[in-house]
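Quick note: the sequence shown uses the working numbering, first residue 32, plus one each step.
In short, the hints are calculated from the structure, not lab data. For each residue, glycine too, the CB sits at the ideal point set by N, CA and C.
Quick list of simulated restraints, FRET-style, between CB atoms:
#1 Thr235 to Ala166: 38 to 46 angstroms
#2 Asn205 to Leu128: 17 to 25 angstroms
#3 Ser274 to Gln160: 46 to 54 angstroms
#4 Trp231 to Val190: 19 to 27 angstroms
#5 Ala162 to Pro301: 23 to 31 angstroms
#6 Glu141 to Glu196: 37 to 45 angstroms
#7 Arg147 to Asn278: 43 to 51 angstroms
#8 Ala310 to Ala177: 15 to 23 angstroms
#9 Lys302 to Thr235: 16 to 24 angstroms
#10 Asn280 to Ala303: 40 to 48 angstroms
#11 Lys168 to Leu131: 21 to 29 angstroms
#12 Ser229 to Pro185: 22 to 30 angstroms
#13 Arg136 to Val294: 18 to 26 angstroms
#14 Ile142 to Ala177: 22 to 30 angstroms
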Amino acid sequence: MLPRLEGCYSMPKKQQAQRLAEDDVEEVTEVETERAKPRRVRSRADALLAIINPSKSQIAIAIVLFFAVILIIIGVKGQQDDTDFSTMRRADLVQMLDSLTAESRKLESEIADLERTKQKLSSGIDSAQVAAKEAAKRLEDMRILAGLAPASGPGIRIVITDPNEKVGPEHVHNAIEELRDAGAEVIQINRSIRVVASTWFGRTDDGVLIVDGKPVSFPLTIEAIGDPETLEAGARFRGGLVSEVENQNIGGSVKISKVEKLVINSVATPKAPKFSKPA
Numbered sequence: 032m033l034p035r036l037e038g039c040y041s042m043p044k045k046q047q048a049q050r051l052a053e054d055d056v057e058e059v060t061e062v063e064t065e066r067a068k069p070r071r072v073r074s075r076a077d078a079l080l081a082i083i084n085p086s087k088s089q090i091a092i093a094i095v096l097f098f099a100v101i102l103i104i105i106g107v108k109g110q111q112d113d114t115d116f117s118t119m120r121r122a123d124l125v126q127m128l129d130s131l132t133a134e135s136r137k138l139e140s141e142i143a144d145l146e147r148t149k150q151k152l153s154s155g156i157d158s159a160q161v162a163a164k165e166a167a168k169r170l171e172d173m174r175i176l177a178g179l180a181p182a183s184g185p186g187i188r189i190v191i192t193d194p195n196e197k198v199g200p201e202h203v204h205n206a207i208e209e210l211r212d213a214g215a216e217v218i219q220i221n222r223s224i225r226v227v228a229s230t231w232f233g234r235t236d237d238g239v240l241i242v243d244g245k246p247v248s249f250p251l252t253i254e255a256i257g258d259p260e261t262l263e264a265g266a267r268f269r270g271g272l273v274s275e276v277e278n279q280n281i282g283g284s285v286k287i288s289k290v291e292k293l294v295i296n297s298v299a300t301p302k303a304p305k306f307s308k309p310a
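Produce the complete structure using the sequences and hints provided.
In structure tokens:
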């Protein structure tokens, strides 16, 4: 029997060759891994550098994408607007067109007046007198618009009946806003209350409608000076005053009549501002 050697063992040559091959593969893999790490680091650095310092081609692509997104948003919005108009009735569209036409004519007339005033002032002939006269006219216009002076002119008269006592301050307020949007210059309620910018609407604990702290009774009369056709179209517009009051929930009625010359004598009492002052 052969003596046993401590700390050593025997292995066939074939197994030794296979073990050496495996060791070589592991060493090669480790070397490749070590070589690949700098490449990854360089790849991240290159990406960061491309973001901070983009090339001309990248900038061009970004600009093209930006404008493409803008065009898509505009197109979608345009389609939504077209859809909104397409769902409106023909009568409503006609009323809207009439309102815009009347407003356009009014603005054209104001521009013509201002141009004539400008020419008179530029000519130098009695310019001081022209300026004084124009200032007085503007002051009177401001007094009328502020509700501080009586006024007269064409317009409409609206009479609202409320047998079920369901017409609230919100309905009257909406009616006033619709008339303002339609170009009403002067508005009066029940021939005694001048509607101005500070006018407010409410209800007492007993359910009585109040305007500027004053109780008002039905039938409620609203008079407005402006273009009669446009004002009536604004009141009859779908979802407006007539639609709200005459629906089944309220059960009231609205009568609108055109008046060639309305005379509004009620005036508002000016209130001194508490917080604001001339700039």
